[in-house]
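Just so we're aligned: 254 in our numbering is position 254 of the sequence shown, and the numbers increase by one with no gaps anywhere.
No lab work stands behind these hints, which were simulated from the structure alone.
You may find that some hints are simply not true.
[What the hints assert, rightly or not] Pairwise CB distance ranges (calculated):
(1) Glu35 x Arg140: 40 to 46 Å
(2) Asn163 x Asn70: 17 to 23 Å
(3) Gly207 x Lys270: 15 to 21 Å
(4) Glu166 x Asp52: 35 to 41 Å
(5) Asn163 x Lys270: 39 to 45 Å
(6) Cys41 x Lys257: 21 to 27 Å
(7) Asn87 x Lys162: 25 to 31 Å
(8) Phe164 x Lys270: 38 to 44 Å
(9) Ile222 x Lys60: 24 to 30 Å
[As the list claims (entries may be wrong)] Below, simulated DSSO-like cross-link-like pairs (lysine-lysine); rule was C-alpha separation at most 30 Å, straight line:
(10) Lys270 x Lys284
(11) Lys60 x Lys274
(12) Lys24 x Lys137
(13) Lys284 x Lys257
(14) Lys274 x Lys137
(15) Lys66 x Lys257
(16) Lys137 x Lys109
(17) Lys24 x Lys61
(18) Lys66 x Lys284
Beta carbons are placed, not taken as given, at the ideal position from N, Cα and C, and that holds for glycine.
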Amino acid sequence: MDIDIYSGFFSLKSDKMEKTMLEKIRETAAFIRNEVGEMPCIAVILGTGLGDLVNHIEIKKELSYKDIPNFPVSTVEGHSGKLIFGNLGGKYIMAMQGRFHYYEGYDMKQVTFPVRVMKELGVEKLFVSNAAGGMNKEFRVGDVMVITDHINLFPENPLRGKNFEELGPRFPAMTEAYSSGLIMMADDIAREQGIRLMHGVYVGTPGPTFETPAEYEYFRVIGGDAVGMSTVPEVIVANHAGMMVFGISVITDLGGKDIKEVPTHEEVQKAAVKAQPVMTGIIKEMLARI
Numbered sequence: 001m002d003i004d005i006y007s008g009f010f011s012l013k014s015d016k017m018e019k020t021m022l023e024k025i026r027e028t029a030a031f032i033r034n035e036v037g038e039m040p041c042i043a044v045i046l047g048t049g050l051g052d053l054v055n056h057i058e059i060k061k062e063l064s065y066k067d068i069p070n071f072p073v074s075t076v077e078g079h080s081g082k083l084i085f086g087n088l089g090g091k092y093i094m095a096m097q098g099r100f101h102y103y104e105g106y107d108m109k110q111v112t113f114p115v116r117v118m119k120e121l122g123v124e125k126l127f128v129s130n131a132a133g134g135m136n137k138e139f140r141v142g143d144v145m146v147i148t149d150h151i152n153l154f155p156e157n158p159l160r161g162k163n164f165e166e167l168g169p170r171f172p173a174m175t176e177a178y179s180s181g182l183i184m185m186a187d188d189i190a191r192e193q194g195i196r197l198m199h200g201v202y203v204g205t206p207g208p209t210f211e212t213p214a215e216y217e218y219f220r221v222i223g224g225d226a227v228g229m230s231t232v233p234e235v236i237v238a239n240h241a242g243m244m245v246f247g248i249s250v251i252t253d254l255g256g257k258d259i260k261e262v263p264t265h266e267e268v269q270k271a272a273v274k275a276q277p278v279m280t281g282i283i284k285e286m287l288a289r290i
């Protein structure tokens, strides 16, 4: 009986914690609606060194993360920490200029909290971008890779814990985590514009260390083409919430047993900045066609 009481106590405690999270989602969404007004149905998350897309947005309103109730604040160089609303490619969108990472010390529910808020605000399509290291032998630094699938190597899943139907099903399918229709659209644009657009599987790892040569080889052997420290948790939660997802990576460095260069965060940022025009052009045209 003691075990039953003990288990029940923790069940009740878990319920209370999760209900508090739901309250925070709704509180944050209400604040943003009050500050911004009209809400978009498309959102974009911009990763390391890829914030230049914001310069192409006709901005109507921007909010600093530190001013948004319950929002984490990014601690990583290259992540500005603003939620931006405006027009891009003829569509009204929301853009996260900077994201949150597991390696910063946040738990998975904090990392993915903005995606939960997006869903509460009515977002139906989510575009995610990142800088990634490449292990596909066909890749070159500066390539842009459409994410066709991912391998989750994070030690924690953002859906771990009691599930609430308000957020999504207990066991969401991940068969098409990245929308095949949006991938086809990106391919059409690349062909029309003569863009070298690669496809690949993104491996999500906790970081913050860059990968060893042996780890790069391991990721390649298990089916990965590029590796990074973000994106996967956000995509899992977006699928759980019923959003369509498009993912894109800029290959900022290469790794493997035959690669001797030592990557640094500064070099990753520089490579990402150089590749920004291609990524920006693809996303702008995709938005125009949606």
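Practice problem: Hints the structure violates: just list their numbers, smallest first. | Solution: 6, 7, 9, 12, 13, 15 and 16
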